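S.K.: Here is how the chains run, residue by residue.
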Amino acid sequence: MLTNEMATAFAAAWVAAFNSHDLDAIMEHYAEDIEFYSPFITKLRINESGMLQSKEELRQYFQHALTVYPDLYFMLHHVYTGVQTLVIQYTSVEGRQAAETMQWNKEGKVSKVYCHYSVAPYS
Amino acid sequence: MNTFKKELESTVKIRFPDCDAFQHLHNSRYIDYMINAREDQLLESYGFDVYALAAQKGVGWVAAQSQISYLAPAMIMEEVTIQTRLLTATEKGLMLEARMWDRDKQVVKALLWTKLVHFDLSLRRSRLHSQELMEFFDQIVYPLEPGVSFDSRVNEIRQQYLSK
Chain A
1 MLTNEMATAF AAAWVAAFNS HDLDAIMEHY AEDIEFYSPF ITKLRINESG
51 MLQSKEELRQ YFQHALTVYP DLYFMLHHVY TGVQTLVIQY TSVEGRQAAE
101 TMQWNKEGKV SKVYCHYSVA PYS
Chain B
1 MNTFKKELES TVKIRFPDCD AFQHLHNSRY IDYMINARED QLLESYGFDV
51 YALAAQKGVG WVAAQSQISY LAPAMIMEEV TIQTRLLTAT EKGLMLEARM
101 WDRDKQVVKA LLWTKLVHFD LSLRRSRLHS QELMEFFDQI VYPLEPGVSF
151 DSRVNEIRQQ YLSK
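Sequence lines, in order, name chains A and B.
Take 1 as the starting number for the first sequence in the working numbering and just add one per residue.
Take 1 as the starting number for the second sequence in the working numbering and just add one per residue.
Read the hints as simulated data drawn from the structure, not as lab findings.
Keep in mind the model is a prediction, meaning the values are calculated, not measured.
Check the hints yourself; a few may be wrong.
What the hints assert, rightly or not - Example chain A residues on the side facing chain B (calculated, C-beta under 10 Å, incomplete): (1) A9; (2) Q97; (3) G108.
Stated by the list, open to error - So, partial list: chain B residues that the calculated Cβ filter (under 8 Å) puts toward chain A: (4) N2; (5) P17; (6) L43.
Glycine included, C-beta positions come from ideal geometry on N, C-alpha and C.
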């Protein structure tokens with residue numbers, strides 16, 4: 001069972017991995033059968049559906065994102081725990097507020113993600 | 001909503017190059033040990049990486065003032081526990097407290113208060129904290145009772161230690 005302590009520790013490690021721009025460390029958090037939904041997938045012209053369905057696709061997407069946003073730095077604000085799910089609220093790229101809903105599998109890896117973003121404050 | 005731990009703690013071993021002829025941690029090195037511990041704790045507990053922030057956003061903090069009280073020696077190869085907390089966070093800066101103990105927190109060895117000023121590394125001048133930084137600090141700040149001075153805090157911690 002995902003506890004508050006586990007969710008908070010996971011969120012801190014997840015943010016630290018992105019802030020280090022270490023793609024291997026980032027990918028450690030995701031399951032092989034990941035389903036990933038984000039409006040940035042269409043924004044960065046990865047595909048039109050906004051959905052990725054494999055870990056390799058996700059890796060390529062994150063690699064592209066790190067190239068497009070060399071100053072990427074996430075700032076953790078809140079963590080919410082559910083039943084094998086968590087929500088991480090943080091400041092993302094372009095100053096946008098973001099909330100990601102993540103579903104955990106039995107191995108403690110994320111198997112499904114729904115990303116949500118505010119409008120960029122400078123747009 | 002989960003709450004973040006506000007008082008962070010880690011252990012570290014006192015190393016030979018940091019000691020004086022008496023095999024005590026040199027006075028000048030206490031601050032380094034406590035600030036290093038704080039940086040590690042921020043990364044582990046909040047994913048907050050001060051060096052990535054400097055590299056990617058060009059901002060950081062500089063120490064404007066430090067007060068330290070040495071209460072007991074830290075010995076060579078001794079494992080010590082370091083506790084840290086953010087006492088205040090304003091638009092301009094931060095006040096950090098760090099306490100060094102023996103491993104089991106029975107003997108307090110030092111108390112540090114450091115005032116940090118937010119700094120723009122490219123413009124090389126102080127700046128105000130961004131809104132997102134202030135929101136982050138609001139989650140982790142852990143103030144003392146109003147009116148507590150450094151000296152009264154030293155006495156308070158000493159009393160806690162003596163009562164153990």
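S.K.: When the structure is checked against the list of hints, which entries are broken? Sort them ascending.
M.R.: Those not satisfied are hints 3, 5.
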